[in-house]
Amino acid sequence: MSIKIDRDKCISCGRCRNICPGNLIETDEAGKAVMKYPSECWGCTACLKECPAGAVRYYLGADIGGRGGYLFTGNHSDHTDWFIVSADGTKYQIKISKKESNRY
Amino acid sequence: MTGLKLAIQTVETDVLIIGGGTAGCFCALTISENSNLQVVIAEKANIKRSGCLAAGVNALNAYIGRGETPESFVDYVKRDSEGIIREDLVYSIAKRLNIVTEKLEDLGLTILKDKNGDYVPRGKRSIKINGENIKPILAQAAAEKDNITVLNHVNIVDYLVRDGCVIGALGFSLRGNRIYQIYAKKTVCAAGGAAGLYKPNNPTFSKHKMWYSPFNTGAGYAIGIRAGAEMTSFEMRFIALRCKDTIAPTGTIAQGIKTVQVNAGGEEYVEQYGRPSTHIRLYATVMENRKGNGPCFLKTEGITDEQQMELFKAYLNMAPAQTLKWLERNTGPGRENVEIEGTEPYIVGGHTAGGYWVDHHRRTTLKNLYAIGDAAGGSPKKYVTGCLAEGQIAALSILEDIKVAQIIKRDDNRIKEQVKYLSRFLENNGSLHPITEVEEAMQKVMDEYAGGIASAYGYSSAKLGIAARRIDELLIIADTLKASNLRQLLAIFEIIDRLYVCKVLIRHLEARRETRWRCYQENIDYPQKDDKNWQKYVNSVFKDGNVEIIFRELVGRDAVYEHKN
Numbered sequence: 001m002s003i004k005i006d007r008d009k010c011i012s013c014g015r016c017r018n019i020c021p022g023n024l025i026e027t028d029e030a031g032k033a034v035m036k037y038p039s040e041c042w043g044c045t046a047c048l049k050e051c052p053a054g055a056v057r058y059y060l061g062a063d064i065g066g067r068g069g070y071l072f073t074g075n076h077s078d079h080t081d082w083f084i085v086s087a088d089g090t091k092y093q094i095k096i097s098k099k100e101s102n103r104y
Numbered sequence: 001m002t003g004l005k006l007a008i009q010t011v012e013t014d015v016l017i018i019g020g021g022t023a024g025c026f027c028a029l030t031i032s033e034n035s036n037l038q039v040v041i042a043e044k045a046n047i048k049r050s051g052c053l054a055a056g057v058n059a060l061n062a063y064i065g066r067g068e069t070p071e072s073f074v075d076y077v078k079r080d081s082e083g084i085i086r087e088d089l090v091y092s093i094a095k096r097l098n099i100v101t102e103k104l105e106d107l108g109l110t111i112l113k114d115k116n117g118d119y120v121p122r123g124k125r126s127i128k129i130n131g132e133n134i135k136p137i138l139a140q141a142a143a144e145k146d147n148i149t150v151l152n153h154v155n156i157v158d159y160l161v162r163d164g165c166v167i168g169a170l171g172f173s174l175r176g177n178r179i180y181q182i183y184a185k186k187t188v189c190a191a192g193g194a195a196g197l198y199k200p201n202n203p204t205f206s207k208h209k210m211w212y213s214p215f216n217t218g219a220g221y222a223i224g225i226r227a228g229a230e231m232t233s234f235e236m237r238f239i240a241l242r243c244k245d246t247i248a249p250t251g252t253i254a255q256g257i258k259t260v261q262v263n264a265g266g267e268e269y270v271e272q273y274g275r276p277s278t279h280i281r282l283y284a285t286v287m288e289n290r291k292g293n294g295p296c297f298l299k300t301e302g303i304t305d306e307q308q309m310e311l312f313k314a315y316l317n318m319a320p321a322q323t324l325k326w327l328e329r330n331t332g333p334g335r336e337n338v339e340i341e342g343t344e345p346y347i348v349g350g351h352t353a354g355g356y357w358v359d360h361h362r363r364t365t366l367k368n369l370y371a372i373g374d375a376a377g378g379s380p381k382k383y384v385t386g387c388l389a390e391g392q393i394a395a396l397s398i399l400e401d402i403k404v405a406q407i408i409k410r411d412d413n414r415i416k417e418q419v420k421y422l423s424r425f426l427e428n429n430g431s432l433h434p435i436t437e438v439e440e441a442m443q444k445v446m447d448e449y450a451g452g453i454a455s456a457y458g459y460s461s462a463k464l465g466i467a468a469r470r471i472d473e474l475l476i477i478a479d480t481l482k483a484s485n486l487r488q489l490l491a492i493f494e495i496i497d498r499l500y501v502c503k504v505l506i507r508h509l510e511a512r513r514e515t516r517w518r519c520y521q522e523n524i525d526y527p528q529k530d531d532k533n534w535q536k537y538v539n540s541v542f543k544d545g546n547v548e549i550i551f552r553e554l555v556g557r558d559a560v561y562e563h564k565n
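Listed in order, the protein sequences are those of chains E and L. First residue of the first sequence? That's 1 in my numbering, and the numbers climb one at a time after it. First residue of the second sequence? That's 1 in my numbering, and the numbers climb one at a time after it.
Rather than coming from a laboratory, the hints here were simulated on the basis of the structure. C-beta atoms are modelled at their ideal positions from N, C-alpha and C, and glycine is treated no differently. Warning: the hint list may mix true and false statements.
Pulled a few chain E residues facing chain L out of the computed Cβ check, cut under 10 Å [said to hold, decoys possible]:
| no. | residue |
| --- | --- |
| 1 | L71 |
| 2 | G74 |
| 3 | T80 |
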């Protein structure tokens, strides 16, 4: 389980590197963010929520059942859009208001 | 490759807080709101998303709900922990739980309320929230205070000690080649608990997909151990019952939709193993698997589409891997039961009782040093609000204690020695062992010889003896490790700190000659609970290279415990 940063979408703002609680993200010569230690990711999604460009994808390793699906987020002041693409390409979108409590 | 050169930066402050997680941030806020004292938070990552709540939290699980009282809360914690708690500490926390919850709401946390404006209960001691942004909320509040300075990306490696007093701490920056020498009148350890001691559930690529933050590597305990602080109850490990592979919480389902645990045959199995306390629900699952009745599940098949959607959302708010796992297969808990498993063991003072031995004011046995949150022992089931309460208690103690305190400095030669100690990992050459190899060796030893998953959490004195020897050998190897950059230097300290925690943990496991808590402390040589001889705390002090065990009598609810000896 880890994250992958889309180099083409990355705008070199450095926010993911600055937020990662494991200090796992570094920048390359061109200033683009790179996940340097993919097997050390906790999966907290802090970087997804921080990224203004939607460049960070979150996926499950094959060792815990990952089959190629992934998740990314769209962040807004009052809500978060969660986009999930399943292994067969089916797309899901779940919108969660920051003012809405968990029911459970 | 020649080593990096590290410059020294000296900082002076009234209060140094090590660790900007939930407890640390709240302690800083309390001090700031009640005084003009200067506070420095030293944080190894970024306080906006650091500590164990980086992803968020699913509920507030320590709250005095309707019909409950602080007294009934202590009774519950005592019962669930088989009697070995510091009732005085738990009671002092219980009396503040609702106060800090309101404060959290004032800061901006969303808490579900009914039409009368009352919090909606999730359980007797639990309320419903949206906790996804709990850390950004606390970090923002800290950022708005003029007298709080946050040093992000600074990893503390040891206390500064003079004449038995803690006078600050030493660390290094991950962002510039700098060593920080921080002097403080009072120091608070809020550096969390210890993950990564044992071989994890997912030992390969997803090795960090674990219950507790893998970045909480027991640094808070280790720096205290090395400085000679008294520790308590490490043998009461914490092992979580979680959703298989994703290690997402089970309580969200179990409490949310009131479901039950079933084995592969569809039978409810928990109650045949005893009163269903936290550790018995886990133990029952381990035993069913050993008997060949596994896998075990939370029975969710047949829940409504609406319930399923609420579970998708609840998990996205704190453990998104679980929702991804369902949806990437186009399935969900309504269609299939959720498999569950026990995690590897952790030491974590917010859930069980391991941590610093503290007095009523959260002073440790080292002068001028306090401990709070997961770092402080004796009071299980603090959870988020209990950690906030403890941050508040320590802050109020400091406001009193600091009136007569002053900054003490040490002689300059000491800093040279410590710079040399830090720098040698950058200068080491020719280590046979890569950093991760030592980590994996430690986790293998603990798994096989100190009661990990491999042995269904059981251990014996003979096995612990092997574990103790191997951990000492690994400490020697760790000294030879080579860091080529600051991130690797951090990784080396994360291993050294865990090895110290393991060393103490092994002695605690050996010292309690009974089995008090199923799975948490499963002593195969003494498989029964022994109330006659073991209603006491197992404490320890690291001295001259050895872990010395101290037994202490139980402390009652109304005691005002002060350190005497």
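| message | Hints numbered earlier in the text: which of these fail when held up against the supplied structure? | response | 2
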